[in-house]
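*Asks:* As a plain string of letters, each chain reads:
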Amino acid sequence: MAEPTKKLEKKPIPKGIYEVVNEYTGEGWVYSDIVKEHFFHPRNLLLEEPKDGDFDAVGEVGSPACGDTMRMWAKVNQDEDRIQELKWKTFGCGSAIASTSMFSVMLTENGGMKVDDALKIKPQHVMDRLSGLPNRKIHCSVLADKAFRKTMNNYFHASGQHDRVIVENSRVIDPKLNITDKDIEEAVLEGAQTLEEVQKKLKVAVGSPEIVTEVDQLIRFYKEKYYG
Amino acid sequence: MKRIYLDHAATTPVDPRVKEVMLPFLECVFGNPSALYRDGRVVKEAVKSARESIAKILHCTSEEIIFTGSGTESDALAMLGVMKKNQIRKKDGSLKKGHLVTTTFEHHAVLYNAERLEKEGYEVTYVRVNKEGLANPKDVRDAIRPDTVLVSVMYANNEIGTIQPIHEIGQIIKDIRKKRRESGDPNPIWFHTDACQASAYLNLDVQKLGVDLMTINGSKIYGPKGIGLLFVRRGVKLEALYEGGGQENKLRSGTEHIAGIVGLGEALKLVQEHKEQENRRLTELRDYFIKGLFERVPKIVLNGHPVKRLPNNVNISILDIEGEAMLLYLDKYGIEASTGSACDSATLDPSHVILALGKPYEFAHASMRFTMGHSTTREDLDIALKTLPGIVEILRKISPVHLDLDATQMSTAAAFAGEGFPHWEAKRGSKLKLRSKQ
Ligand code: FES
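Just so you know, the sequences run in chain order A and B.
Quick note: the first sequence uses this note's numbering, first residue 1, plus one each step.
Quick note: the second sequence uses this note's numbering, first residue 1, plus one each step.
Just so you know, these hints were derived from the structure itself, not from any lab.
Treat the hints loosely; a few may be bogus.
As the list claims (entries may be wrong) - Below, computed lysine-lysine pairings styled on DSS-like, alpha-carbon distance capped at 27 Å:
id	chain 1	residue 1	chain 2	residue 2
1	A	K223	B	K433
2	A	K223	B	K427
3	A	K146	B	K397
4	A	K51	B	K269
5	A	K200	A	K146
6	A	K225	B	K427
7	B	K431	A	K201
8	A	K51	B	K397
9	A	K36	B	K56
10	B	K299	A	K75
11	A	K75	A	K51
12	B	K269	B	K56
13	B	K431	A	K200
14	A	K36	B	K332
15	A	K182	B	K433
Work out the full structure, taking the sequences as your base and the hints as a guide.
*Replies:* Set out below in structure tokens:
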């Protein structure tokens, strides 16, 4: 074999050398064993496509920072208002995988958390259980939290508990159903183009004819914004 | 476990023969080449001979070689140096800032300096590349204006390895220069190329290429890091980036990095001497690897032209998976490669090169670069080919994304409702097309 240089002897990397080094700041990091464990063996992944009725709600969110996405499925024990199952899939990095795996464990261990308590779990709590993440990877652990809130809102809508919907960074358009401008934007991005199509997804304004004009305007606004 | 290094485009190990010639200058020969006593003279001689050896390869004179600290520095010196020094003289005799032409998929060392020039009031045109990652010389010609001072197009792309038509562009620029001269136009136009990725594999004859400035560095050619050079054709006027003792033709002050210079000279000589034989070997390995990947892994695309690319570069997008996760898994099995995913970059930007090919950002997140080198064997690639499909299968199971091979827009727009699309999507400004109704 043509080999101009002699084979280079590879020496083992000395202990304490960082696994991740930020090429700009030089910040170094070694992933904790827990992070690695959850990354290579993620818990609660949804491996098969779910059948109708397997779950009570599903929600998907993206990270505007990096473009990664997370989808989550939840089954709720309605009598006890507890998280019974929490499954997920992600188009995301190692830290997103590890932190979502840990998040799902925390919410479902010991018989599952009460829904209200589960909604109080913050990325910081997940990070603590993971023994930390590199600075620029903190936004990844936010994905799980965001996906879960979204899933729960969808659950609240689906189970008629509209008053439990958590409204964040958005404006309520339909006060009876707690449907926001963000929900309408999402329906348009999913491909709905008319009031009827949006209503098929959201039931928005069905019992409140006085807001129909506003909903219509929003649909037109988002259509123009995204499809031009 | 055997470590398999497939990231030679990031950097190469130092060739032991290069290290050998460098050692004396780190151990016992330490004079300052500006000094007149013997130790100074020995060192001066060493620098001179490295310069001559490089000049021979580049087919230029020794005086036309400026040693710098890196490829990045050479790029910056070429771009900032030429643009600042060469103001455009208008008909009425007044001066104005010149125009720069470059491409959308240059290395950041060129792109970010272009952006800096824009902030300082210079105008820049970014020529687009086609979907195979090649710049069209005609597009470059169309972008050139009467006030264009510099054109900068990379020789070979660092991510996808595509080789740009430098000779053709060089010819166009020569013609324009000639016309300007004939019409009495005093304004110069120069052609710069960043050849860092190309220098181990391609011909570096600056006369044949028709370039006026060319960047090369040590760390991609089995030489030391921390050393680079800029070829500056006689007659090209540059402003130094900073002042000092006036070394390197007053263009790059600072005591010379002797061991680095000697090492760079030796490294360039070695790779150029052996390039034909080594290119043949690498091309075979490259094509073997590409074929193997396509046989074993469904739903992948090769990024960049299949043959107008460096002999050591394989860049594929493995749809629906995210590259950083892929890297971590590969690393577990001892395989070292790189990705264009945003998650693996400090700025969280997906590869601007893959985006420049007109693909949705998920293709960038899914892109994996494997670059081979001296130490790479067919056995290494067989191990990689055996390992990869299993990892892909796991990561695809994890993924909620299902892209089409011919996708032209992001797949999960709805997931970003309320918070806005990632910033690079806004920058691209493209509108979504409605998918057929479900
Ligand atoms: S989720 Fe995108 S970088 Fe971690």
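*Asks:* State for each hint whether it applies.
*Replies:* Status of each hint after checking the structure:
Between the alpha carbons of A/K223 and B/K433 the distance comes to roughly 11 Å, so the proposed pair stays at or under 27 Å and holds. The suggested pairing of A/K223 with B/K427 holds, with an alpha-carbon distance near 19 Å, which does not exceed 27 Å. Pair hint A/K146 plus B/K397 holds up; C-alpha atoms about 21 Å apart against a cutoff of 27 Å. With a CA separation close to 64 Å, the supplied pair A/K51 and B/K269 exceeds the 27 Å bound.
Distance hint between A/K200 and A/K146 is fulfilled; the C-alpha atoms sit about 25 Å from each other, no more than 27 Å. Taking the CA atoms of A/K225 and B/K427, the gap is about 14 Å. The hint holds against a cut of 27 Å. At most 27 Å may separate the alpha-carbon atoms for a hinted pair to count; B/K431 and A/K201 meet this at roughly 23 Å. Among the hinted pairs, A/K51 with B/K397 is consistent with the structure: their alpha-carbon atoms are about 16 Å apart, no more than 27 Å.
Proximity of A/K36 to B/K56 is assessed by CA-CA distance (about 51 Å); at most 27 Å being required, the pair is judged violated. A hinted pair counts as satisfied when its Cα atoms are at most 27 Å apart, and B/K299 with A/K75 does not qualify at roughly 33 Å. Of the pairs offered as hints, the one joining A/K75 and A/K51 holds, with about 13 Å between alpha carbons and a cut-off of 27 Å not exceeded. Using a Cα cut-off of 27 Å, the hinted pair B/K269 and B/K56 holds, with the two alpha carbons roughly 10 Å apart.
Our distance criterion of 27 Å between C-alpha atoms is met by B/K431 and A/K200, whose separation comes to about 25 Å. Between A/K36 and B/K332 the alpha-carbon distance is near 10 Å, which keeps this suggested pair within the 27 Å criterion. For a cut-off of 27 Å, the pair hint linking A/K182 to B/K433 stands: about 20 Å separates their Cα positions.
Hints 4, 9 and 10 from the list above are not met by this structure, while the remaining hints are.
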